[in-house]
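Participant: Chain by chain, the residues:
2 protein chains.
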Amino acid sequence: MKTSLLSMITAFMVIISIQCFAQEVGQVERLVSPEVSSTNDVTFRLKAPAASSVKLSGNWMPMVPNANGQGASRQLVDMVKGDKGVWTVKVSALEPELYGYTFIVDGVTTLDPSNLKVARDGTFRTESLLYVPGKASELYWAKTGPKGTVRQIWYDSKSLNLTRRMQVYTPPGYDDSKDSYPVLYLLHGGGGDEEAWPTLGVAPNILDNLINSGKAKPMIVVMTNGNPNQAAANVVTPVIPASDLPVGGMGSMLFEKSLVADVIPYIENHFRVKKNKESRALTGLSMGGLQTINTTFENPNLFSYIGVMSMGFADMSRFGVKLDVSKRDQQIEDLKKANPKLYWIACGKDDFLIESVVTMRSTLDKHAFRYVYRESPGGHTWTNWRIYLSEFAQMIFK
Amino acid sequence: MKTSLLSMITAFMVIISIQCFAQEVGQVERLVSPEVSSTNDVTFRLKAPAASSVKLSGNWMPMVPNANGQGASRQLVDMVKGDKGVWTVKVSALEPELYGYTFIVDGVTTLDPSNLKVARDGTFRTESLLYVPGKASELYWAKTGPKGTVRQIWYDSKSLNLTRRMQVYTPPGYDDSKDSYPVLYLLHGGGGDEEAWPTLGVAPNILDNLINSGKAKPMIVVMTNGNPNQAAANVVTPVIPASDLPVGGMGSMLFEKSLVADVIPYIENHFRVKKNKESRALTGLSMGGLQTINTTFENPNLFSYIGVMSMGFADMSRFGVKLDVSKRDQQIEDLKKANPKLYWIACGKDDFLIESVVTMRSTLDKHAFRYVYRESPGGHTWTNWRIYLSEFAQMIFK
Chain A
1 MKTSLLSMIT
11 AFMVIISIQC
21 FAQEVGQVER
31 LVSPEVSSTN
41 DVTFRLKAPA
51 ASSVKLSGNW
61 MPMVPNANGQ
71 GASRQLVDMV
81 KGDKGVWTVK
91 VSALEPELYG
101 YTFIVDGVTT
111 LDPSNLKVAR
121 DGTFRTESLL
131 YVPGKASELY
141 WAKTGPKGTV
151 RQIWYDSKSL
161 NLTRRMQVYT
171 PPGYDDSKDS
181 YPVLYLLHGG
191 GGDEEAWPTL
201 GVAPNILDNL
211 INSGKAKPMI
221 VVMTNGNPNQ
231 AAANVVTPVI
241 PASDLPVGGM
251 GSMLFEKSLV
261 ADVIPYIENH
271 FRVKKNKESR
281 ALTGLSMGGL
291 QTINTTFENP
301 NLFSYIGVMS
311 MGFADMSRFG
321 VKLDVSKRDQ
331 QIEDLKKANP
341 KLYWIACGKD
351 DFLIESVVTM
361 RSTLDKHAFR
371 YVYRESPGGH
381 TWTNWRIYLS
391 EFAQMIFK
Chain B
1 MKTSLLSMIT
11 AFMVIISIQC
21 FAQEVGQVER
31 LVSPEVSSTN
41 DVTFRLKAPA
51 ASSVKLSGNW
61 MPMVPNANGQ
71 GASRQLVDMV
81 KGDKGVWTVK
91 VSALEPELYG
101 YTFIVDGVTT
111 LDPSNLKVAR
121 DGTFRTESLL
131 YVPGKASELY
141 WAKTGPKGTV
151 RQIWYDSKSL
161 NLTRRMQVYT
171 PPGYDDSKDS
181 YPVLYLLHGG
191 GGDEEAWPTL
201 GVAPNILDNL
211 INSGKAKPMI
221 VVMTNGNPNQ
231 AAANVVTPVI
241 PASDLPVGGM
251 GSMLFEKSLV
261 ADVIPYIENH
271 FRVKKNKESR
281 ALTGLSMGGL
291 QTINTTFENP
301 NLFSYIGVMS
311 MGFADMSRFG
321 VKLDVSKRDQ
331 QIEDLKKANP
341 KLYWIACGKD
351 DFLIESVVTM
361 RSTLDKHAFR
371 YVYRESPGGH
381 TWTNWRIYLS
391 EFAQMIFK
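Protein sequence lines, in the order shown, are assigned to chains A and B.
Each residue of the first sequence is one higher than the one before, starting from 1 at the first, in full-length UniProt numbering.
Each residue of the second sequence is one higher than the one before, starting from 1 at the first, in full-length UniProt numbering.
Worth flagging that the hints you see were computed from the coordinates, not collected in a lab.
Mixed in with the good hints, there may be bad ones.
Same chains, same names: a pair is fine if it fits in one copy or spans any two.
[To be verified] With a straight-line Cα cutoff of 20 Å, these simulated SDA-like cross-link-like pairs (lysine to any residue) come out:
1. Lys-143 - Thr-163
2. Lys-366 - Ser-326
3. Lys-143 - Asp-156
4. Lys-277 - Tyr-266
5. Lys-143 - Trp-60
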């Protein structure tokens, strides 16, 4: 009790001191938002006395077809103006998950200024984050227990003539051990970069939690930048030479080549890793799924564990991407002969790319190519990719 | 020319493919904002057809006293509504610097949705970032050339009974060398955390650039979390046990003790570092300046290079912080005897803590304690702290 009282007093002093300090440096008054109840009801609040309309947009909300018949938009929820110009809405019993949300103030999308949890979804958007606790999201938290290290590393990519950045996760115990480890190469999607998996993907926490509970083998995870025209995520720190291109390079095969020619040799020369096929895994989502397909077709004996997330044999021409598929039948036969221990395909049943997965599966079936298929609810979302990573990591290097 | 044409076509294809892809995943139309001209005029744009007022708030703008006589606020600039509901303002010839800015839409502070460069200033705010190029900001850019590595490391703090996170920068060449390096311990301010110096502080780029140009010695830089009640920045990744306290602990001496008892031994056991006083430097800003003063007074023989930024002998009682200064005269004499190679004090002349620096200097002068004083224009700002880091890093380990 004594300690508890002392720590309460300390806590109170800290709050007072920071609030006074904040006034000196110009902080604004902050509401409690979002507020998560014990039953996972969530209340959102925004002070906007002069606004005529405030709506909530959260990525748990359903998409509805647009009035003009083209595309779909999220079904927004109106917030209600109350005392002192504070707009409020309460959402009932959200499922445990890591969500993104924004407010729409008189038509303009804004973050929740009361919430400092913010994440960027590649070149698409920046959103406020909401963690709803529970079984489905417990893997995403940094829990007590041993933890891995994430390194932001610059390496020379000779094949792209760029010094580039990647993020490398080493598992708990790596720095104090003499063991060699297997390596998972983990690729992001179109619009993303090397910061996607460590932030929105929560890969370091997922791996720490799976490894600490004995559900996954200790492994190194390499999170590259899959845009061959980009040195690094050019977001907080400007990078020279800075590319003005948004990102991309799907179908160019340039990233796939640099992964094999530059990234894997760098990792195998700078980390204590097992340098054989059985100790290499490759998986990626969307564009990274395409890069996984391409890389393993071109290099059938490099990886024993292969995971394709939310991507299949897509006709990418509607995205302006031309793929050379003339060698595909031969490539499938070559990979079949190489006999990887796992070829895993995962897709959401509402994913806009699900048809490409149907095509891929029927093509592979014609070749009697062995793969495991995992279909989940939902679409082309980080919710699915976090789940897929947590499942794939438990199946490899065993 | 051939390569150039090919790369232009590739670039075009990439843009098309990402834009089409973005429509599929629900991206919104994006304006060019901010647009920096060759003469550093900057145009800001926001689409807000339904808004009745849009203002620009940038941290280059002057503070003006509030109408009620209490405190000061930034002098906002009105934006003007034009075609298709796009609000615009052009700011002339901004000085080269890294700025933060926001839009105020009908009274609500929002980020610039066209700009994905976003940074969090501790618990205070999240802002859109604007880099204006030129001599004063060239140290902040990731240039071509060798680069250091930043590690996010979890370590056991026995004295705080927490597994905590810090960020450790190793200089270009560290991983391929057998040399031992000196270490700079670099502390953030109140409201900040271990992500402050690597993001808003741009410390990795500043160090890379100074080391590569021979202006600073190769060194390791340790960026801790200075809030003794906090395991790690609890922003993108929730941390269990999560503290509900905003941050703080000024005056508790708990962080200072853990720095000496936990952080320095961890670094000296896990990195190739020179383990002597002449190879240790300590500097910090604001709360981190206070922690620098406290740590070096309590441990006069630990650091040869000491830098106090934007802090002095402050009366912290107005912030609810009680400091025990009964031993100060003796501590000054002890540190004087220890004879550090550099005791550096830096402050902006408009800093709200400048009086504490005046008090500190006159107290040190009474003891004929040798220090170097650097006064800069401006106030309690990241502009000053980036400049101070770049100056301090050039004076140490020489």
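Participant: Sort out which numbered hints this structure fails and list those numbers smallest first.
Facilitator: Hint check: 5 fails alone, others pass.
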